[in-house]
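Protein chains: 2
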Amino acid sequence: MVGRSRWQNNFSEWFNEIVQVAEIMETRYPVKGLYVWLPYGLKLRNHVISALKELLERTGHREVLFPLLIPENLFKKEAEHIRGFEGQVYWVTHGGHDRLDIRLALRPTSETAMYPMFSLWIQSHADLPLKIYQVVNVFRYETKMTKPLIRLREVTTFKEAHTAHATAEDAERQIREAIQIYKQFFDRLCIPYIITKRPSWDTFAGAVYSIAFDTLAPDGRTLQIGTVHNLGQNFSRVYDVQYERVDGSYEHVYQTCYGISERAIAALIMVHGDDIGMCLPPEFAPIQVVIVPIPYKDVQAPIEQTCTEIYERLKQAGLRVELDLRDLRPGNKYYYWERRGVPLRIELGPTDHANQRVTAVRRDTGERIHVPLDRVAERVPQLLREIETSMRRRAWEEFRKRIKTIASVDELQNAIHNRNVGRVPWCGNEKCGLEIEERVEGSVLGEELFTEAPKNRSCVVCFQQANKWLVVARTY
Amino acid sequence: MVGRSRWQNNFSEWFNEIVQVAEIMETRYPVKGLYVWLPYGLKLRNHVISALKELLERTGHREVLFPLLIPENLFKKEAEHIRGFEGQVYWVTHGGHDRLDIRLALRPTSETAMYPMFSLWIQSHADLPLKIYQVVNVFRYETKMTKPLIRLREVTTFKEAHTAHATAEDAERQIREAIQIYKQFFDRLCIPYIITKRPSWDTFAGAVYSIAFDTLAPDGRTLQIGTVHNLGQNFSRVYDVQYERVDGSYEHVYQTCYGISERAIAALIMVHGDDIGMCLPPEFAPIQVVIVPIPYKDVQAPIEQTCTEIYERLKQAGLRVELDLRDLRPGNKYYYWERRGVPLRIELGPTDHANQRVTAVRRDTGERIHVPLDRVAERVPQLLREIETSMRRRAWEEFRKRIKTIASVDELQNAIHNRNVGRVPWCGNEKCGLEIEERVEGSVLGEELFTEAPKNRSCVVCFQQANKWLVVARTY
Numbered sequence: 001m002v003g004r005s006r007w008q009n010n011f012s013e014w015f016n017e018i019v020q021v022a023e024i025m026e027t028r029y030p031v032k033g034l035y036v037w038l039p040y041g042l043k044l045r046n047h048v049i050s051a052l053k054e055l056l057e058r059t060g061h062r063e064v065l066f067p068l069l070i071p072e073n074l075f076k077k078e079a080e081h082i083r084g085f086e087g088q089v090y091w092v093t094h095g096g097h098d099r100l101d102i103r104l105a106l107r108p109t110s111e112t113a114m115y116p117m118f119s120l121w122i123q124s125h126a127d128l129p130l131k132i133y134q135v136v137n138v139f140r141y142e143t144k145m146t147k148p149l150i151r152l153r154e155v156t157t158f159k160e161a162h163t164a165h166a167t168a169e170d171a172e173r174q175i176r177e178a179i180q181i182y183k184q185f186f187d188r189l190c191i192p193y194i195i196t197k198r199p200s201w202d203t204f205a206g207a208v209y210s211i212a213f214d215t216l217a218p219d220g221r222t223l224q225i226g227t228v229h230n231l232g233q234n235f236s237r238v239y240d241v242q243y244e245r246v247d248g249s250y251e252h253v254y255q256t257c258y259g260i261s262e263r264a265i266a267a268l269i270m271v272h273g274d275d276i277g278m279c280l281p282p283e284f285a286p287i288q289v290v291i292v293p294i295p296y297k298d299v300q301a302p303i304e305q306t307c308t309e310i311y312e313r314l315k316q317a318g319l320r321v322e323l324d325l326r327d328l329r330p331g332n333k334y335y336y337w338e339r340r341g342v343p344l345r346i347e348l349g350p351t352d353h354a355n356q357r358v359t360a361v362r363r364d365t366g367e368r369i370h371v372p373l374d375r376v377a378e379r380v381p382q383l384l385r386e387i388e389t390s391m392r393r394r395a396w397e398e399f400r401k402r403i404k405t406i407a408s409v410d411e412l413q414n415a416i417h418n419r420n421v422g423r424v425p426w427c428g429n430e431k432c433g434l435e436i437e438e439r440v441e442g443s444v445l446g447e448e449l450f451t452e453a454p455k456n457r458s459c460v461v462c463f464q465q466a467n468k469w470l471v472v473a474r475t476y
Numbered sequence: 001m002v003g004r005s006r007w008q009n010n011f012s013e014w015f016n017e018i019v020q021v022a023e024i025m026e027t028r029y030p031v032k033g034l035y036v037w038l039p040y041g042l043k044l045r046n047h048v049i050s051a052l053k054e055l056l057e058r059t060g061h062r063e064v065l066f067p068l069l070i071p072e073n074l075f076k077k078e079a080e081h082i083r084g085f086e087g088q089v090y091w092v093t094h095g096g097h098d099r100l101d102i103r104l105a106l107r108p109t110s111e112t113a114m115y116p117m118f119s120l121w122i123q124s125h126a127d128l129p130l131k132i133y134q135v136v137n138v139f140r141y142e143t144k145m146t147k148p149l150i151r152l153r154e155v156t157t158f159k160e161a162h163t164a165h166a167t168a169e170d171a172e173r174q175i176r177e178a179i180q181i182y183k184q185f186f187d188r189l190c191i192p193y194i195i196t197k198r199p200s201w202d203t204f205a206g207a208v209y210s211i212a213f214d215t216l217a218p219d220g221r222t223l224q225i226g227t228v229h230n231l232g233q234n235f236s237r238v239y240d241v242q243y244e245r246v247d248g249s250y251e252h253v254y255q256t257c258y259g260i261s262e263r264a265i266a267a268l269i270m271v272h273g274d275d276i277g278m279c280l281p282p283e284f285a286p287i288q289v290v291i292v293p294i295p296y297k298d299v300q301a302p303i304e305q306t307c308t309e310i311y312e313r314l315k316q317a318g319l320r321v322e323l324d325l326r327d328l329r330p331g332n333k334y335y336y337w338e339r340r341g342v343p344l345r346i347e348l349g350p351t352d353h354a355n356q357r358v359t360a361v362r363r364d365t366g367e368r369i370h371v372p373l374d375r376v377a378e379r380v381p382q383l384l385r386e387i388e389t390s391m392r393r394r395a396w397e398e399f400r401k402r403i404k405t406i407a408s409v410d411e412l413q414n415a416i417h418n419r420n421v422g423r424v425p426w427c428g429n430e431k432c433g434l435e436i437e438e439r440v441e442g443s444v445l446g447e448e449l450f451t452e453a454p455k456n457r458s459c460v461v462c463f464q465q466a467n468k469w470l471v472v473a474r475t476y
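Keeping their order, the protein sequence lines are chains V and H. Each step along the first sequence adds one to the number in this note's numbering, with nothing skipped, and position 274 is 274. Each step along the second sequence adds one to the number in this note's numbering, with nothing skipped, and position 398 is 398.
Because the hints were derived from the structure by calculation, they are not lab data. All of these numbers come straight from a predicted model, not from anything done at the bench. Take these hints with a grain of salt, some might be off.
Any copy will do: because identical chains look the same in the list, a pair fits if it lies in one copy or spans two.
[What the hints assert, rightly or not] Here are the computed lysine-lysine pairs in the DSSO-like style, where the Cα-Cα straight-line distance is at most 30 Å:
#, residue 1, residue 2
1, Lys183, Lys43
2, Lys297, Lys197
3, Lys131, Lys315
4, Lys431, Lys455
5, Lys431, Lys53
6, Lys131, Lys333
7, Lys131, Lys147
8, Lys131, Lys32
9, Lys404, Lys76
10, Lys53, Lys131
11, Lys401, Lys147
12, Lys455, Lys144
13, Lys297, Lys401
14, Lys431, Lys404
The shape of chain V in the complex, shown without the other chains:
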């Protein structure tokens, strides 16, 4: 952990600063919780959105775009849902000088806008399953401390998918598909995650149950980066979304929804960061390779000439490459691009030039690799793949080290205090889960999924037979 002190020990300050200096966002917009995406940040965002869209399209999800404004009467139909959201909804009450007849909510999420339309679109079993998604801005009136990309009043990049099914079984199958999609997505981002079923007291408003993906910030707090909800028939009953079965009878559809926001980008920045700044996985980096000539007396012209040739060759190979010919010292250029997370730097100095080679420097490890000039176009894409693989492996290794299996509440408190995530044996009883939250400075993420149940272990609260792992951490 040497050399990682600021990133780990003063993470919040590090994050706010890097977001601004690496030109991800302008954080000085004069409304709390609203920020401006800068060109470099927006390119990163667009690559992330593309990857997610590709995974959704490939699995038969079709993109739509619903209005932002939801009339109050529609919004308030599902009682649980409105109870969960009413404290944080922005209301439009006036148009021009007129008071509106019906107040309009800025969507905090789109169930209540979409499902009345589902009731028009879905008539028979032939219309099912229906699988749609959109990427939109949504709004939450946050009263807590806001933070760029993490806690926002305008979430600018909310990918929400919504599906409808003929049977509960098909909805369950869809939940599994959604989890698979999200796994693939975060794997591409090289972001490690733990998957839990959220406890009953932390389920999405209106859902039967919720599953969440969490990753870990350097300060030991978990960040929820994706959620998958089984809505059962809760919404279809209220919005009257029915289909005619083959036998002529009618049934309400079974629904799921699942979402990912720009927190995925926050995770990308935080997980792969260090004291210098960002390190971006090559697939998502707005600039994958930067070429820095190191001019020296009378070899300046030929060095710059060779750099330009390399630039053209890499560009032709389809890479996002930048040639930095600014009138700055090489060291300043290195620092400039390192902060911005460019995964590979190519240096060309007089010694390189004399030896007909370049020096490639990996952002993730700092490793310096000599590459003969005539092999650059072939070697650079290989190096980028190697960087991706090793970034993913390292992120998972560090993540796993910090998931601690623990046998008592005291130890749990200790582990959380030391910036770890604790997993403890649990009887499955809500009461015991709530008691844990009271006794430690952390929150229950939920019951760990896709791992083996504890064997011959007792619940850390009631000491009855444990049948689940409960995951507990400080959270964002």
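Using the hints, position chain H against chain V.
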């Protein structure tokens, strides 16, 4: 014009219907002026956005994303601007159960959100020119009749570009660049246009002058599809956007902004339509080619087999192609895809099969072309290019026919009544322009740009020497 009656004579009804049946938009969302983009329409929209972004990126514009919400104090700083917009701004007044301290406007356009940030970003001449753009949703509280894609309360697809310059000359150069970009954009869409300088009484609120692109609907009304504004120093003075000159003195920047909305997509639908439905230029069509097998007794299997092979081949060639194997009559399939504007249909029936060929049918002309099986992959992209060229030529021809050069106000009224656009000689005097608007059932679009000034002609109102062409039409 035979066979085009409904499209021309009942255009409004035709448009509303085709938007719904061709699955561009769901028009039944229960708030006036808000609609839902359906998957097919959204694909069309995304192709249009891509083309526009490409043109902007190529000319050095960088994409950003600003917040939707603008605090009232910031919004109301520029007096002219707010006078132009205050009647149509939506206001957020509450968050959860709290009344907000400062009301928040839903952006009707983003000058007042962006330029306070410009004042932070721009310090010296080295920061200029600044050229940014974003594609966002904007809001207008429309009290008039709303219409999908044309008159909306949520404009979902507003591309707004904003630039800042060191000198008035450089801002003028930018205006010319913007016009060039928009010409290229509409040329790609095969949409004809007339370019005018809007009259003083119809200039964008806060601008020095405004230039607009208008196209023509089948019902003879013009549709504004793009605008370019020279803002001078009007906003930079108010928002204090200054730069330090080489000599150390300070000056306010010169600004321009220019926008295009989903009206470009409305134009695409209306200009190239006919009584059947849409006809989309191949570059933008969500589906460029549809393959329809015409099964016949015992040749059904081999026909479908050949169709599948063609489908694979065209897909590999990078085309957006669909193979329609639904259990419907071929005629129903033709109609289905024709309404949706698929530019080319490939039929394969028993005679085609016996002759080792397909029959390609052009959506724009109805022309039937036999193509030998082994030449399909080469001939289809050619045909698509031919379709594009001839759609563009035909649209311009019909457009030009309906721009009438006219010498008197009575004739002008007559021309407008007959669904034409009139251009009349004009002295350039505001009073005469306003009088024309009073005397005919149309609006002044403005002074025609990029054409020769009238020679030896007199103004249709005051009969003084005319030095400009004034363009007058019924408008959307």
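Now for the hints, and whether the structure bears them out:
| no. | hint | in the structure |
| --- | --- | --- |
| 1 | Lys183 to Lys43 | both (23 Å within a copy, 26 Å between copies) |
| 2 | Lys297 to Lys197 | neither (64 Å within a copy, 55 Å between copies) |
| 3 | Lys131 to Lys315 | between (37 Å within a copy, 24 Å between copies) |
| 4 | Lys431 to Lys455 | within (21 Å within a copy, 91 Å between copies) |
| 5 | Lys431 to Lys53 | neither (40 Å within a copy, 55 Å between copies) |
| 6 | Lys131 to Lys333 | between (47 Å within a copy, 24 Å between copies) |
| 7 | Lys131 to Lys147 | between (32 Å within a copy, 28 Å between copies) |
| 8 | Lys131 to Lys32 | between (35 Å within a copy, 26 Å between copies) |
| 9 | Lys404 to Lys76 | neither (42 Å within a copy, 55 Å between copies) |
| 10 | Lys53 to Lys131 | both (13 Å within a copy, 28 Å between copies) |
| 11 | Lys401 to Lys147 | within (27 Å within a copy, 58 Å between copies) |
| 12 | Lys455 to Lys144 | neither (40 Å within a copy, 69 Å between copies) |
| 13 | Lys297 to Lys401 | neither (50 Å within a copy, 67 Å between copies) |
| 14 | Lys431 to Lys404 | within (23 Å within a copy, 81 Å between copies) |
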